[in-house]
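4 protein chains.
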Amino acid sequence: MPPAHPFDDDKLREECGIFGVVGVQDASTFVALGLHALQHRGQEAGGIVSHDPDHGFNQARRFGYVRDNFTSQKIMETLPGPIAIGHVRYSTSGSKGQTAIRDVQPFFGEFSMGGAAIAHNGNITNANALRRELIERGSIFQSSSDSECIIHLMARSMGRSIPDRMEEALRKVEGAFSVVAMTRTKLIGVRDPLGVRPLVLGKIGDGWALSSETCALDIIGAEFVREIRPGEMVVINGSGVQSHFPFRPQPSRFCIFEHVYFSRPDSILGGRSVYETRENIGRELAKESPVDADLVCPVPDSGTPAAIGYSLQSGIPYAMGIIRNQYMGRTFIEPTEQIRNMGVRLKLNVNRALIKDKRVILVDDSVVRGTTSRKIKEMILDAGAREVHFRIASPPTAWPCFYGVDTPQREKLLAATMSEDEMCRHLAVDSLKFISLDGLYRAVGEAQGRNAECPQYCDACFSGEYPVEPADMLEQGFEMKPAAE
Amino acid sequence: MPPAHPFDDDKLREECGIFGVVGVQDASTFVALGLHALQHRGQEAGGIVSHDPDHGFNQARRFGYVRDNFTSQKIMETLPGPIAIGHVRYSTSGSKGQTAIRDVQPFFGEFSMGGAAIAHNGNITNANALRRELIERGSIFQSSSDSECIIHLMARSMGRSIPDRMEEALRKVEGAFSVVAMTRTKLIGVRDPLGVRPLVLGKIGDGWALSSETCALDIIGAEFVREIRPGEMVVINGSGVQSHFPFRPQPSRFCIFEHVYFSRPDSILGGRSVYETRENIGRELAKESPVDADLVCPVPDSGTPAAIGYSLQSGIPYAMGIIRNQYMGRTFIEPTEQIRNMGVRLKLNVNRALIKDKRVILVDDSVVRGTTSRKIKEMILDAGAREVHFRIASPPTAWPCFYGVDTPQREKLLAATMSEDEMCRHLAVDSLKFISLDGLYRAVGEAQGRNAECPQYCDACFSGEYPVEPADMLEQGFEMKPAAE
Amino acid sequence: MPPAHPFDDDKLREECGIFGVVGVQDASTFVALGLHALQHRGQEAGGIVSHDPDHGFNQARRFGYVRDNFTSQKIMETLPGPIAIGHVRYSTSGSKGQTAIRDVQPFFGEFSMGGAAIAHNGNITNANALRRELIERGSIFQSSSDSECIIHLMARSMGRSIPDRMEEALRKVEGAFSVVAMTRTKLIGVRDPLGVRPLVLGKIGDGWALSSETCALDIIGAEFVREIRPGEMVVINGSGVQSHFPFRPQPSRFCIFEHVYFSRPDSILGGRSVYETRENIGRELAKESPVDADLVCPVPDSGTPAAIGYSLQSGIPYAMGIIRNQYMGRTFIEPTEQIRNMGVRLKLNVNRALIKDKRVILVDDSVVRGTTSRKIKEMILDAGAREVHFRIASPPTAWPCFYGVDTPQREKLLAATMSEDEMCRHLAVDSLKFISLDGLYRAVGEAQGRNAECPQYCDACFSGEYPVEPADMLEQGFEMKPAAE
Amino acid sequence: MPPAHPFDDDKLREECGIFGVVGVQDASTFVALGLHALQHRGQEAGGIVSHDPDHGFNQARRFGYVRDNFTSQKIMETLPGPIAIGHVRYSTSGSKGQTAIRDVQPFFGEFSMGGAAIAHNGNITNANALRRELIERGSIFQSSSDSECIIHLMARSMGRSIPDRMEEALRKVEGAFSVVAMTRTKLIGVRDPLGVRPLVLGKIGDGWALSSETCALDIIGAEFVREIRPGEMVVINGSGVQSHFPFRPQPSRFCIFEHVYFSRPDSILGGRSVYETRENIGRELAKESPVDADLVCPVPDSGTPAAIGYSLQSGIPYAMGIIRNQYMGRTFIEPTEQIRNMGVRLKLNVNRALIKDKRVILVDDSVVRGTTSRKIKEMILDAGAREVHFRIASPPTAWPCFYGVDTPQREKLLAATMSEDEMCRHLAVDSLKFISLDGLYRAVGEAQGRNAECPQYCDACFSGEYPVEPADMLEQGFEMKPAAE
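Protein chains in written order, with the UniProt record's numbering: chain A, 1 to 485; chain B, 1 to 485; chain C, 1 to 485; chain D, 1 to 485.
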């Protein structure tokens, strides 16, 4: 049942999308629409909590797509009220199998002053230690999810209001996370002190919305107001938006990979459409690594904007040399051996008549394990291409992410074990070039490139420089890059 | 349950895809893959019949996508053997509701010399009269599908072999159709005398495949051999491919809309990729109807290749001004009122930051009812575009198709009631231009344009000139274009 | 999914129940209730056809229980109108698996004068020959069910009305069958010339009902009018009930096993409740085979009335020594090995404290394979019973039934290979006695016992004397009892 | 989905059955079988937890019957290991709807020394107060079930072992409850100090079982060892059974209604089969309230043993005047209006031919609201009975139960508002007699009848004398019987 893409093990995956609305009728329907627009951030499961004076808190959590679970009259009627929050998630480190529905957010807790629900995107890097201590003191965990720690910390807080308790709880957690939460009447949003994960504020009628990305504001017809600031906590009710800054201020470190791949091209980040940023990345790439060829083709769909940029910069015609099967939203259920072996052909097909005898530049967003790149190169050569040149819209991915992104173990990352030249030989292509880290910074708008002293973004997956110490992972034996390197 | 696209009522829809394989192990798995590649030709339901000496004929028919129904080990094990055929279909004029699974092809019939299964793409234009006569003589119909006539005609034939009976039956039916059929050991393919609907032959190992399009040969790794000829019947078994020509020869009239929209861009028609043909259409359109603007944007996804062609010809940059939600493969089930009203926003979002203050050329494949074009124009203007120019990659669709394509009644077709100028005003855009019929013929490779005496293609939906008389429809009151016109 | 009882392979099973209503609003709801009351006659699947002037014929066919399939508002709304017929069935000789839903009755056929639906209980003994001939002449069968022959014979008839065509068709079929059928306005009922299978007529308000048993008239509040006569065909419409007698008259041979086991105890057969007849059988058995003991216990639930009769006649107290688990309506789905081995304990438990040290008479309705009897005896002895005496409310079942009852092959019938004494030793009980054939005839009301020249009932399963030649079975190699025997 | 009986609102309902096994392979399969045998104690949902050294704790919780949920290889394989406990439950006061699966036991908690699962039958009468206090101190409840209090009390205990913590937790709860619990290696059973709810110990091979009733030991082939004593806590592991007595000793007060209705007739209570006790009740009733009549008929199935006893004592023949439809295990899903109105006829049918012109004694186990009794009386009279005499195998039910039994509010109980004579007139029967409270005590083996000073049983539903103060209910406004009464 849990859907998956055939290339999923060869992409980094954002693990969550969050959305909340207050001050509108049938808030849960807006949340369902918002989550639908954020489905690319998590396809395994989704959950919605709403509150209504007559029925109290209501919750529904389901495996599968928003469109299949949160659209019928029947289910939406069970989620009444003017305030609601929701969550979509990818598979996480939590338990799999029978009881995994317990790990689907939002989580709910009943406190002496009333209930609250909470959903988060990101990762708490000291969750294991917190969990051990809470159990020692008598907390009963209902899930294997790190996020449940926040609810238990709130339950043990002496704070008089739920926002007070949340502030107190959040000061004890480390990591990179954005949070949407709700009480009976208040919608709450938080970004971690570094602002690693995104969160934006929107206005809809007399109400307000919080969302991982602006594309989800568009779908409900909300106006994009501003990004929540790193370290900011907003508490929203009938009288408006109140800002708190519970954390010690730090320079921000937004995830640069949101620009490269995670966010939708129609979302706005830093005042510019993600699509344009990606087109810029393609232009930078064409400047850094030109090559003589007949066609620029994207690896669909994520390589498309950068391929267009590459074409515009280089003057080499853009063409769809690879066609994606529209009907692959979910992978084949329980596929037979034969179907599994079809691999990439189930999803992509080469435009043989177009490619034959051509020198082709293939633009992809990233190389993770390299398994897909290899298969695509073979398809292109089988179709009669004369040359294949790979251009990659991100630097080599050499380090795992511990901030809410699902990455393979370090030794599975192609760039962790090979140089660019070795990768080129490994993939057996005519050339392989990645955009430089500085080039990427330029493309996202940092004219001077990366500030090595104090990088403007979190780029740990490329640089190995982790802005928050991954305490739980170190405990499990992960080795950081030596400071000297 | 039956999936549908949100714009379905504003597109012409191919009603069927057919596929067959003989001479390979587990033929049904290849058929499942082939049908998956043909899913764009019919998403409502699918069926597969296979034959195996030990288990005889086996059949499975299901509503929904191939990937959800014909992929599990469990179901594929019920379809063993070295020969199989399959079918995907859109909703047709057959009965809806409880018993509609009976209308899902392939149909099976037991004759005195053994069984046969048959699946077809297209429409039998004298089905009503045939059905009446067959019932009069004692045939019991199990479905409301026109295709079942063929089985009953075969049952009543005195022919000694199944191919003989099929020849005899086909001579009695009128219309536009491609057929794949199977006996215990033979795979059979037929195209109607005009060759309106497509059918191609492929070679896979020691076996053979028949498919509506070449893209489905690619997915199973089969080599494209040739198109089945108009009026040709091929009978394939262990010893190879035998050709028969049961019909009186006529000049061919292939469906020109297959080039415009129905076929997948990676399929090959007339020796050239459909993608290139569509790029050509875009170039023709740029020549015929240039306009000064900042961006050329496709209406995703079907307008993409023509938009690229328009950009290449005009030099105006190509950009993805409209982003399609990847997770709309199926529409929302039982959507709530609020979700229904979201309409087009569930599927498409405008890249606001990109579009703002720009003069935009929107390239779409066709205008049917015009309802979607209107909504898209509004989205673009809401996002702040300065001008909107529509360019359409086909001539005005003014006549319904009776040859296996689902079209609205004539009075619902925008072009049936309005001139090009009226449509422009109706849509309230800065300009609206369709490719000319001659331009379309040139783009598909007819350098001299359309031969008015004897058109090279079936273009009835544009011209109102029907190459086969739609007998059943005339009986129901449809009025043909006066010959004088 | 198909439900089954754990002892099913050790009981004869009636294969069908039929029910029809005309002249009431929402006829299909009455049919659903009637079928629910007839569920004991067939638990695998059920179907209903109704007709309504606005919607024509409608049909629903489902695997599983009536209560689970034909009770929701949603499904019943698809079956509107003042006339409907229905059918419940056990698994038959038809195909199993994917397509078996095609074998679920009623069957529907469209004739030149309109449609008709038909359902039958029983068996057509010359179905194979008829099917071969019909296929030869061009009929296409949609199911593997014998009953479909009737529809095809009707389609080929030259009769002017549907009842005429049905008469003509029925004259060509041999066997034992009751039929309910419907046209747009007429309800039709037929019993075969020997009247082997039951069919009764009821009155409900201004309308009429036909049913396999009277208990299904009770549930809808209909009044029991009379049994349909052997060889009678009734045609019912607004103006009342017309009788036809299409067959050559013959002495009747009603199935005596309906009295013993098939019919529900609250049904009325021959003017007396089946419960009383079974109590009578118990009394006869007590007269024929008395034994000194402490308790008379039924094998639940079918042995209960005969056990009560045995107790009343013998004066030995009646007690429930074996308790049936109420929650075994369906068997365990895909049971694990361990659960399968639990066998009879899943369904029955001995009342240990009651049975201990007692001499127990166990009364059961029949012994088919003897497997269950053995297990029950072991349970009773394990619980500490001092003696176990079996008393069986039917004669030894030594011959298979070919008239609509599912029986094991002859060699699997315990009584086909062993004498009564051998069976007693085989089961290792202190005594085993069957009622005599004459005793059974007396219990059902034939004071003089069985008329050997011209038996009053069909008792082929006991006597091997088949009133209709089982042509299809002889063709498959079945050997009749030599006439001399 | 949640199954229910059509008379459910007219019966008291036991709310739970519990079962646990340790020391056998695949313990969960035995638990599934045990729960199947206890299904009459709760049909809404069931859950099983098992532990296995390799996989830790595993859990499955489902709505519906054991036979449908816990029998497939696939599900049972997810519950491996040599120790398991399970629970079946009726709907309780917990939340209904979307999230109710959270309320299905067993509950699981992770403590610093390892995990534990717990299931209970009965009711904690001070749960509301406990819950409030626990939330105040920071516990997060995952369900609305009272039983979860025990887990949280354990989590907060300072006890060094899980059994120590459970002892400490149980001393804080009030009410009537039996508990089965498990750690990784130990099976634990507890009965409340009064022993209101049942719990028995069984031996199976080298392992042990705990069960609500002995009938569930029979199904797995376990030997019945003894009842757990009131106030006893047993801790079972490889080395055997250890007894603890954590509570202050009190005279026992076992639920007398277990004898009347809740327990299965083949279970053993107090050394005698429940069936025999019920037969005794019938004999007492015949002595106390004789009447001249032709037949003694049970209201099936619960009135059967008492009817047999009445018949044996009175000499009036026993007969099945009312037949129960075997296929009513679950009620009709979403029944249509018409089906709902059929009411009792869906479940019961009168044996019309048997009843006509007879004077009938109907024996039922209890009268709760009286609605069913009325309908049955009408059916019997409609069938032509001359007289109807009701004999009830329990005293008038005039008070609700707060100890784990679902009873209507006091004002809905017929006996709370009417005298015996008034009820007789209300039901319009020829006579209506209940067994006396002393008669019932005699039938269950108390030769001297009830000891009014210190009753031997809990009979609060008849007497209004509650052995444990129902604190939560008093808080909600329930009024106890005045002491003076």
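FYI, nobody ran anything at the bench for these hints, they're computed from the structure. Do not take every clue at face value.
Note that the list lumps identical chains together, so a pair holds whenever it fits in one copy or between two copies.
As the list claims (entries may be wrong) - Each computed SDA-like pair below joins lysine to any residue, with the alpha-carbon atoms no more than 20 angstroms apart:
no., residue 1, residue 2
1, Lys347, Pro300
2, Lys203, Met379
3, Lys287, Gly445
4, Lys186, Tyr261
5, Lys433, Ser112
6, Lys347, Arg324
(request) Output the numbers, in ascending order, of every earlier hint that fails for this structure. (result) Violated hints (numbers, rising): 4, 5; every other hint is consistent with the structure.
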